[in-house]
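Chemist: If you want the building blocks of each chain, they are given just below.
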Amino acid sequence: MPEKNLKRYWRTNLSYLAILLSAWFLVSFLCGIVWVEELNTIRLGGFKLGFWFAQQGSIYAFVIIILIYIRLMNRLDRKYNVNE
Amino acid sequence: MDLQMWTWLLIAITFSVYIGIAIWSRAGSTKDFYVAGGGVSPIANGLATAADWMSAASFISMAGLISFSGYDASVYLMGWTGGYVLLALLLAPYLRKFGKFTVPDFIGDRYYSNIARSVAVFCALIVSFTYVAGQMRGVGLVFSRFLEVDITSGVLIGMIIVLFYAVLGGMKGITYTQVAQYCVLIFAFMVPAIFISIQMTGNPVPQLGFGSAGADGVYLLDKLDGLHRELGFDAYTSGSKSRLDVFFITAALMVGTAGLPHVIVRFFTVKKVSDARKSAGWALFFISILYTTAPAIAVFARTNLIETFSNKAYSELPGWVANWEATGLLKFQDKNRDNIVQYLADPVLNELTVDKDIMVLANPEIAELPNWVIALVAAGGLAAALSTAAGLLLVISASVSHDLIKKMIYPKISEKGELITARISAIAAVSVAGYFGINPPDFVAATVALAFGLAAASFFPAIILGIFVKRMNKEGAVAGMVIGMLLMLYYMMRFKFDWFGGGSEEDWWFGISPEGFGTVAMIVNFGVSLLIAFLSPKPPEEIQEMVENIRIPSGAGEAYTH
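Top to bottom, those sequences are chains A and B.
Quick note on my numbering: the first sequence kicks off at 1 and runs consecutively.
Quick note on my numbering: the second sequence kicks off at 85 and runs consecutively.
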């Protein structure tokens, strides 16, 4: 693969990582810890929302984040023809 | 059939399955032994990773821990799952592309230095040994509680089983037994949870059940918060730890998870880079089933516990209470001699002490579930402990036979010789682990946090920088790992073991507990590594090329020539 394509492939990968890791930080550290008291004033059925994020929501979100990553990277690999 | 019969039966069945798989999947080469031949499918690897990851502590103790600390225990839930996002996005695909056998392999090759390799071997051994001792102890506990044999015999039986399939099958044997063990442990965890959820809320999905209302129409969590307030405890859904400390502990557990060698090495076993990503996704999916159920069990068990005991006459307590009193895990002391159980937050007036491990083990009895469900929990606990122990033992034996002997001491060793060495080191590792299981040193409980802190402070930055910063050289990486690790050890020893002057909570730096300090040590490692790297010469040309090569997925198969 030419040098320039390699650079572009890597840069796109890094931007995916930046976005997905921000989501990772948001659902756990922000919604589950930093903002937990504010979110606890909102109810989700029997759950206080902050508590729900800390013990349930963040974990679901982690699974979804990895799923999105797998799809994005498989597409990117095909585009730059670096898949196996 | 009585409980004893059911327990023996289920344990006999599951153990024969594990042994059968071990015989079927014997390792014929070092590649089989270290990475299962490199041909494991992403789903199988995901299942095996999940079983490898979920230890006796996850299975037996975690729900109880959540039960007693409510919101504060969220650090474990987020910390031990969020690490998989880091693994999937930042480590697994690149390490798979690199395509060697162990974590010290990567550190040693990427930093072209046997010093870096030795530091990595040292960290891998410390982390794995502290962790494995707890697993053998878990095996002993389950045996002694459910089968009424003493802990020593329990540990010995466990050792023989692990020896059999780890020594014979290596990674290949371990992988496929772990697939079976995941099925056993998740079934054993979910069946009682579903039963109890239906009993208490009418909802068969525990994850939704604990956010629903009970028969009296009050939301379960509101009821529990109310009960807690009445008895003087902190509200269940809000914590008592400082926000900053919760933040740092969660981060340390996440990063530590992503840096644990027995987890990382699992991603060397799949065929290609895209499979490594996929299997990280599967692993977290399988793990999340247990991790989202545990907080539900915690709430059910906590409510049940309070309702069973609080202000009830001692003579009218259900029959299982006496069984657990006999084990010493449940204690009632009638301080004011009124024959009524006062369960209160105030230690002076409180009359009931409950060990947290009871919450999962006794839950089926508390909910009056049939005997086979109770026996199932024993089999599940054993599956969880054995699978994790085996994974750790493999890391230890690979560190010795591959990283130490083949790569450093005696490089000319033949393939056959290396395989024999690997098997002998596995036997030695099981024996040491078994010894610690029978005679647990006091520091075992304290050192699990140390294992995560060390992994966070040493491996994680070295691997991340090795992949994402081409300029990173051996001077930077070695300095970072050594300083990060020493800082972590110092802080742990000072505040956990009272060495170097000791100190209480007021002396913690920035109010961060030893459990959360891994995050600080990791940040220091990153800082030191980068600073030194930019002050010293660039890494050699071929190393920079290697980094370029790790970053693109194609050609992972070729990288396998060893």
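It is worth saying that the hints were derived from the structure and are not from the lab.
We put the CB at the ideal spot given by N, CA and C, even for glycine.
Check the hints yourself; a few may be wrong.
Sample of chain A residues at the chain B side, in silico, Cβ under 10 Å [as the list claims (entries may be wrong)]:
{"#": "1", "residue": "S15"}
{"#": "2", "residue": "W24"}
{"#": "3", "residue": "I70"}
From the derived model, a few chain B residues whose C-beta atoms are all more than 10 Å from chain A [claimed, not checked]:
{"#": "4", "residue": "I150"}
{"#": "5", "residue": "Y155"}
{"#": "6", "residue": "M162"}
{"#": "7", "residue": "T165"}
{"#": "8", "residue": "L225"}
{"#": "9", "residue": "I241"}
{"#": "10", "residue": "I245"}
{"#": "11", "residue": "T321"}
{"#": "12", "residue": "R327"}
{"#": "13", "residue": "S358"}
{"#": "14", "residue": "A429"}
{"#": "15", "residue": "M577"}
{"#": "16", "residue": "D591"}
{"#": "17", "residue": "G595"}
{"#": "18", "residue": "E632"}
Here are the simulated lysine to any residue pairs, SDA-like style, with alpha carbons at most 25 Å apart [said to hold, decoys possible]:
{"#": "19", "chain 1": "B", "residue 1": "K355", "chain 2": "A", "residue 2": "L30"}
{"#": "20", "chain 1": "B", "residue 1": "K307", "chain 2": "B", "residue 2": "L174"}
{"#": "21", "chain 1": "B", "residue 1": "K325", "chain 2": "A", "residue 2": "L67"}
{"#": "22", "chain 1": "A", "residue 1": "K79", "chain 2": "B", "residue 2": "V631"}
{"#": "23", "chain 1": "A", "residue 1": "K79", "chain 2": "B", "residue 2": "Y398"}
{"#": "24", "chain 1": "B", "residue 1": "K307", "chain 2": "B", "residue 2": "L570"}
{"#": "25", "chain 1": "B", "residue 1": "K184", "chain 2": "B", "residue 2": "D156"}
{"#": "26", "chain 1": "B", "residue 1": "K440", "chain 2": "B", "residue 2": "Y398"}
Chemist: Each of the hints needs a verdict: does it hold here or not?
Modeler: Tested hints:
no.	hint	verdict
1	S15	violated, 12 Å
2	W24	holds, 5 Å
3	I70	holds, 5 Å
4	I150	violated, 8 Å
5	Y155	violated, 6 Å
6	M162	violated, 5 Å
7	T165	violated, 5 Å
8	L225	holds, 26 Å
9	I241	holds, 34 Å
10	I245	holds, 31 Å
11	T321	violated, 4 Å
12	R327	violated, 6 Å
13	S358	violated, 6 Å
14	A429	holds, 20 Å
15	M577	holds, 28 Å
16	D591	holds, 24 Å
17	G595	holds, 15 Å
18	E632	violated, 7 Å
19	K355(B) / L30(A)	violated, 37 Å
20	K307(B) / L174(B)	violated, 42 Å
21	K325(B) / L67(A)	violated, 33 Å
22	K79(A) / V631(B)	holds, 21 Å
23	K79(A) / Y398(B)	violated, 71 Å
24	K307(B) / L570(B)	violated, 47 Å
25	K184(B) / D156(B)	violated, 39 Å
26	K440(B) / Y398(B)	holds, 21 Å
Taken one by one, the earlier hints fail for this structure at numbers 1, 4, 5, 6, 7, 11, 12, 13, 18, 19, 20, 21, 23, 24, 25, listed in ascending order.
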